[in-house]
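K.L.:
Sequence:
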Amino acid sequence: MRKVIEFFIKRPIWGNAAIALILMFGLFSIFTMKRSFFPELEPTVINVSVLYPGASPSEMEEGVTIKIEQAVKGLEGIDQINSTSIENMSQIQIKAFPETDMEELLNEVENAINSINSFPQGAERPLISLNKSSGMSSIVSFVGVSAKSESADLTDLIDIATKIERDLLNTKVITQITKTGFPEKEITINTKETELLRYNISFQEIAQAVGSRNIDITTGIIRSNVEEMNVRSNSRGTTVEEIEEIVVRTSRDGEKITVADVADVAIGFTE
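In this text, residue positions in the sequence shown follow this note's numbering: the first is 807, and each later residue adds one.
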């Protein structure tokens, strides 16, 4: 060490050159280093969700949740398994160790769950996904919309939240927004028993009429030497008036029975 010090004392130009090199490499590292205010973290969680319409929480637990837990608990790389069984749905969160190869674990989880052949008959296919964002990058800010009185209309709150979402996305700075805390809108058709008996119409007939006359699909392609056209059936109704005008049945004398004749149509919210 003493010889090194003597070398730089006798030859100061080399000392200055070493300091200059250190400064140059330091500045180069500062400008080329990857940096982020909210850095992305490697995903370590796999989510599994199963829908089973009409099932109680206990049925979800016994028929779905426990079977999935038993199928994946022996896989290598899993740190924790957390599950929630609620009405109509089961959610399982599989947390892995930080050094685990998540793509490989995801394939093993999919194979293990797909090998289960004893799910209840009414259960839908399991949805398996890998969290793409986590940690500090998952949530940046909250925006709340609330009413001053209990008599406020929920539709107005939803419209305000939708406008705020649209305005924030139009800034081109925010790329993703998630709205929570209120139900989704839905159109409900409440049949009238007396009118059903009068016209001898069943629930199934109304459902078929609405389903067959409320579609938006591509039916084919017409090609020629100069152009190509898509044939599309776009008859989907999204308003109360459009649903009410759907014809349920036409009599021999040309009389039309519409949805409005046998049911009350209204825009409500999911439970």
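No lab work stands behind these hints: they were computed from the structure. Honestly, I wouldn't trust all of these hints.
As the list claims (entries may be wrong) - The calculated EDC-like cross-link candidates involving lysine to aspartate or glutamate, where the alpha carbons are at most 16 Å apart (straight line), are:
1) 879 <-> 916
2) 901 <-> 885
3) 1062 <-> 1001
4) 873 <-> 930
5) 1062 <-> 1051
6) 1062 <-> 1011
7) 1062 <-> 1050
8) 985 <-> 962
9) 901 <-> 848
10) 879 <-> 848
11) 998 <-> 1050
12) 998 <-> 1011
13) 901 <-> 916
14) 998 <-> 1067
15) 901 <-> 930
16) 985 <-> 971
17) 873 <-> 812
Since we're looking at a predicted model, the values are computed, not measured.
K.L.:
What hints, given by number in increasing order, does this structure fail?
P.N.:
10, 15, 17
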